[in-house]
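Keeping their order, the protein sequence lines are chains A and B.
Heads up, the first sequence is in my numbering, so the first residue is 71 and it goes up one at a time.
Heads up, the second sequence is in my numbering, so the first residue is 71 and it goes up one at a time.
Mixed in with the good hints there might be a few duds.
Copies of the same chain look alike in the list, so a pair counts if it works inside one copy or between any two.
EDC-like mimics (lysine to aspartate or glutamate), calculated; alpha carbons at most 20 Å apart, straight line [claimed, not checked]:
{"#": "1", "residue 1": "K349", "residue 2": "D95"}
{"#": "2", "residue 1": "K270", "residue 2": "D280"}
{"#": "3", "residue 1": "K199", "residue 2": "D114"}
{"#": "4", "residue 1": "K349", "residue 2": "E243"}
{"#": "5", "residue 1": "K298", "residue 2": "D77"}
{"#": "6", "residue 1": "K162", "residue 2": "D77"}
{"#": "7", "residue 1": "K298", "residue 2": "D383"}
{"#": "8", "residue 1": "K349", "residue 2": "E159"}
{"#": "9", "residue 1": "K137", "residue 2": "E395"}
{"#": "10", "residue 1": "K199", "residue 2": "E159"}
{"#": "11", "residue 1": "K349", "residue 2": "D77"}
Quick caveat, the hints were computed from the structure, so don't treat them as lab data.
2 protein chains.
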Amino acid sequence: MKKIVNDPQRFVPEMLEGLALANPDTLRYVPEYNLIMRTDAPRDDKVSIVQGSGSGHEPAHVMAVGKGMLDAACPGDVFAAPPMDYVYETTKLVNSSKGVLLLVNNYTGDRMAFDMAQEMSLADGVTVKTLFIDDDVAVQDSTWTVGRRGVAGNFFVIKAVGAASEAGADLDEVVRIGEKVNSVTRTMGLALTACTPPAKGSPLFELGDDEIEIGVGIHGEPGRRRAKIMPGNELVDTLLEPVVNDLPFESGDRVALMINGLGGTPISELYLAYGHAHKQLAERGITVARSYVGEYCTSLDMAGFSVTLVRLDDEIEGLLAAPAEIGMRIF
Amino acid sequence: MKKIVNDPQRFVPEMLEGLALANPDTLRYVPEYNLIMRTDAPRDDKVSIVQGSGSGHEPAHVMAVGKGMLDAACPGDVFAAPPMDYVYETTKLVNSSKGVLLLVNNYTGDRMAFDMAQEMSLADGVTVKTLFIDDDVAVQDSTWTVGRRGVAGNFFVIKAVGAASEAGADLDEVVRIGEKVNSVTRTMGLALTACTPPAKGSPLFELGDDEIEIGVGIHGEPGRRRAKIMPGNELVDTLLEPVVNDLPFESGDRVALMINGLGGTPISELYLAYGHAHKQLAERGITVARSYVGEYCTSLDMAGFSVTLVRLDDEIEGLLAAPAEIGMRIF
Numbered sequence: 071m072k073k074i075v076n077d078p079q080r081f082v083p084e085m086l087e088g089l090a091l092a093n094p095d096t097l098r099y100v101p102e103y104n105l106i107m108r109t110d111a112p113r114d115d116k117v118s119i120v121q122g123s124g125s126g127h128e129p130a131h132v133m134a135v136g137k138g139m140l141d142a143a144c145p146g147d148v149f150a151a152p153p154m155d156y157v158y159e160t161t162k163l164v165n166s167s168k169g170v171l172l173l174v175n176n177y178t179g180d181r182m183a184f185d186m187a188q189e190m191s192l193a194d195g196v197t198v199k200t201l202f203i204d205d206d207v208a209v210q211d212s213t214w215t216v217g218r219r220g221v222a223g224n225f226f227v228i229k230a231v232g233a234a235s236e237a238g239a240d241l242d243e244v245v246r247i248g249e250k251v252n253s254v255t256r257t258m259g260l261a262l263t264a265c266t267p268p269a270k271g272s273p274l275f276e277l278g279d280d281e282i283e284i285g286v287g288i289h290g291e292p293g294r295r296r297a298k299i300m301p302g303n304e305l306v307d308t309l310l311e312p313v314v315n316d317l318p319f320e321s322g323d324r325v326a327l328m329i330n331g332l333g334g335t336p337i338s339e340l341y342l343a344y345g346h347a348h349k350q351l352a353e354r355g356i357t358v359a360r361s362y363v364g365e366y367c368t369s370l371d372m373a374g375f376s377v378t379l380v381r382l383d384d385e386i387e388g389l390l391a392a393p394a395e396i397g398m399r400i401f
Numbered sequence: 071m072k073k074i075v076n077d078p079q080r081f082v083p084e085m086l087e088g089l090a091l092a093n094p095d096t097l098r099y100v101p102e103y104n105l106i107m108r109t110d111a112p113r114d115d116k117v118s119i120v121q122g123s124g125s126g127h128e129p130a131h132v133m134a135v136g137k138g139m140l141d142a143a144c145p146g147d148v149f150a151a152p153p154m155d156y157v158y159e160t161t162k163l164v165n166s167s168k169g170v171l172l173l174v175n176n177y178t179g180d181r182m183a184f185d186m187a188q189e190m191s192l193a194d195g196v197t198v199k200t201l202f203i204d205d206d207v208a209v210q211d212s213t214w215t216v217g218r219r220g221v222a223g224n225f226f227v228i229k230a231v232g233a234a235s236e237a238g239a240d241l242d243e244v245v246r247i248g249e250k251v252n253s254v255t256r257t258m259g260l261a262l263t264a265c266t267p268p269a270k271g272s273p274l275f276e277l278g279d280d281e282i283e284i285g286v287g288i289h290g291e292p293g294r295r296r297a298k299i300m301p302g303n304e305l306v307d308t309l310l311e312p313v314v315n316d317l318p319f320e321s322g323d324r325v326a327l328m329i330n331g332l333g334g335t336p337i338s339e340l341y342l343a344y345g346h347a348h349k350q351l352a353e354r355g356i357t358v359a360r361s362y363v364g365e366y367c368t369s370l371d372m373a374g375f376s377v378t379l380v381r382l383d384d385e386i387e388g389l390l391a392a393p394a395e396i397g398m399r400i401f
């Protein structure tokens with residue numbers, strides 16, 4: 071294994087410490103509970119938004135903490151749900167008089183941790199609700215899921231509820247918006263290579279030199295099928311077709327299109343994929359009104375990508391266009 | 071080879087087409103000369119800034135076109151200088167009454183193309199100057215260089231001259247600023263893996279399962295030495311030490327610190343590296359005033375990273391902090 075890592079057990083805390091050092095004015099790292107929070111959280115003029123999940127999906131979700139996005143993120147170890155008591159402590163730390171919304175990708179371990187943390191927080195008098203995200207159309211149930219998995223489309227839920235909460239929406243309204251965005255968001259991904267968790271030191275699964283995994287999960291879970299590598303445009307079609315057909319997205323729709331890199335794929339390849347997807351959607355009469363190309367939800371160093379579509383209306387488009395500032399930025 | 075690619079000969083044009091489709095309001099792709107330019111260029115109230123180089127280093131430089139950054143980028147094929155006549159045509163397309171500044175990383179092929187294009191443009195009456203960037207401390211001369219190579223530190227030159235030109239500085243002043251930033255910027259990188267150019271289809275060089283290349287170039291050129299893989303903090307020290315000692319950076323200095331991913335390294339690992347570098351600099355009495363973590367100048371899918379330091383003064387810090395908008399963004 072060749073990675074930038076010291077003790078694999080310290081991989082996540084050392085990453086979080088680096089993130090906070092890079093953003094001293096806006097982010098705070100709380101080592102006791104392994105969480106990242108905004109320095110100005112909680113604010114009583116807004117609902118606090120929290121996301122938790124396993125690590126290894128960066129920038130999701132610790133690098134999505136910031137104004138107009140998350141108030142805090144409580145990550146677990148690589149590909150592991152955060153401990154229930156850390157979620158509970160996070161909820162208390164960001165408790166606002168307007169309440170707390172917990173965002174959770176739909177994995178069984180995460181659901182358990184967050185359900186229990188919510189129970190404990192409610193018993194303490196914290197106003198808290200939970201929203202589950204399940205945008206992945208690849209499989210119905212899977213290795214660690216009952217129902218669909220939550221993957222890169224999560225970004226759009228965070229962005230929308232983050233904007234709504236900044237604008238002063240109350241908890242019920244923020245939940246309504248989050249559920250609405252989740253309901254019109256669909257994603258599917260494929261792996262060109264497996265990923266290597268630091269603590270394991272070897273690839274998480276085997277994939278032949280000319281093989282790809284279509285519908286892969288962000289923890290390397292099996293998808294729909296194995297196939298041989300194919301030209302780039304066909305890779306895009308292989309993902310776009312099931313995504314479009316699932317909602318379905320139809321002629322006349324306005325959409326946000328995201329090409330999300332899974333960690334090891336260069337951005338040059340992602341823009342090539344974007345171009346083909348954009349043109350294929352245009353041929354179906356679907357207009358791309360907002361574009362997102364880059365890494366949003368990764369699987370460590372996995373090569374591959376996912377395609378996400380969101381059906382827009384004026385409300386969602388306005389929320390996605392609202393200003394935001396996160397801990398990961400170019401400038 | 072498993073990549074998102076169709077015909078390797080069309081890799082760069084298809085990427086550029088995708089980039090323009092993702093930014094229809096701000097970017098234009100000109101297929102005749104394979105260039106990306108701002109839709110509002112040229113503007114006679116500012117010097118036009120152009121960067122050319124081989125492709126394969128994205129987001130450098132085609133994704134750095136935008137307000138406050140480049141007016142145009144004319145890329146060559148992967149790891150190949152742009153054709154001289156394309157540079158010439160680009161210069162004419164963005165010709166402003168305030169003149170044109172050509173930014174060129176110091177590689178022999180690029181220098182030749184830009185020197186000839188500048189001659190031809192001057193003969194046409196275009197006011198044009200050229201600035202060479204050579205921030206890489208790893209080697210003095212190398213495979214494709216006389217003198218030092220230009221690598222990720224280039225970003226800071228673009229950012230500073232872009233901000234100055236937006237503020238209305240004349241060509242001589244923009245050149246002065248660019249030369250000043252280049253003179254206080256130092257970079258060194260290392261490769262954990264080789265990269266695979268689409269047209270070659272196999273790794274560009276051989277690196278053992280436990281080997282790294284210290285001082286690697288962004289085209290896979292040899293650096294200072296091979297070594298065995300080491301813990302993350304030691305990897306950082308291996309780069310930080312020669313970078314600090316070269317200028318040298320000294321106690322009391324304020325700096326910008328960039329941890330740049332080479333294409334295949336997850337951002338989680340880059341933040342871990344950032345944390346250690348930040349703390350090591352603090353121990354030397356060097357204050358990190360601006361932080362940059364992510365991919366700025368890559369080598370296709372190479373795993374690895376580089377460390378860049380810029381010594382700041384009020385002028386440079388102000389220019390780096392000025393607003394800018396580029397074609398690659400999270401929101």
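Checked hints:
| no. | hint | in the structure |
| --- | --- | --- |
| 1 | K349 / D95 | between (42 Å within a copy, 17 Å between copies) |
| 2 | K270 / D280 | between (24 Å within a copy, 16 Å between copies) |
| 3 | K199 / D114 | within (16 Å within a copy, 55 Å between copies) |
| 4 | K349 / E243 | neither (35 Å within a copy, 43 Å between copies) |
| 5 | K298 / D77 | between (36 Å within a copy, 17 Å between copies) |
| 6 | K162 / D77 | neither (30 Å within a copy, 54 Å between copies) |
| 7 | K298 / D383 | neither (38 Å within a copy, 54 Å between copies) |
| 8 | K349 / E159 | neither (47 Å within a copy, 28 Å between copies) |
| 9 | K137 / E395 | both (5 Å within a copy, 19 Å between copies) |
| 10 | K199 / E159 | within (15 Å within a copy, 58 Å between copies) |
| 11 | K349 / D77 | between (46 Å within a copy, 18 Å between copies) |
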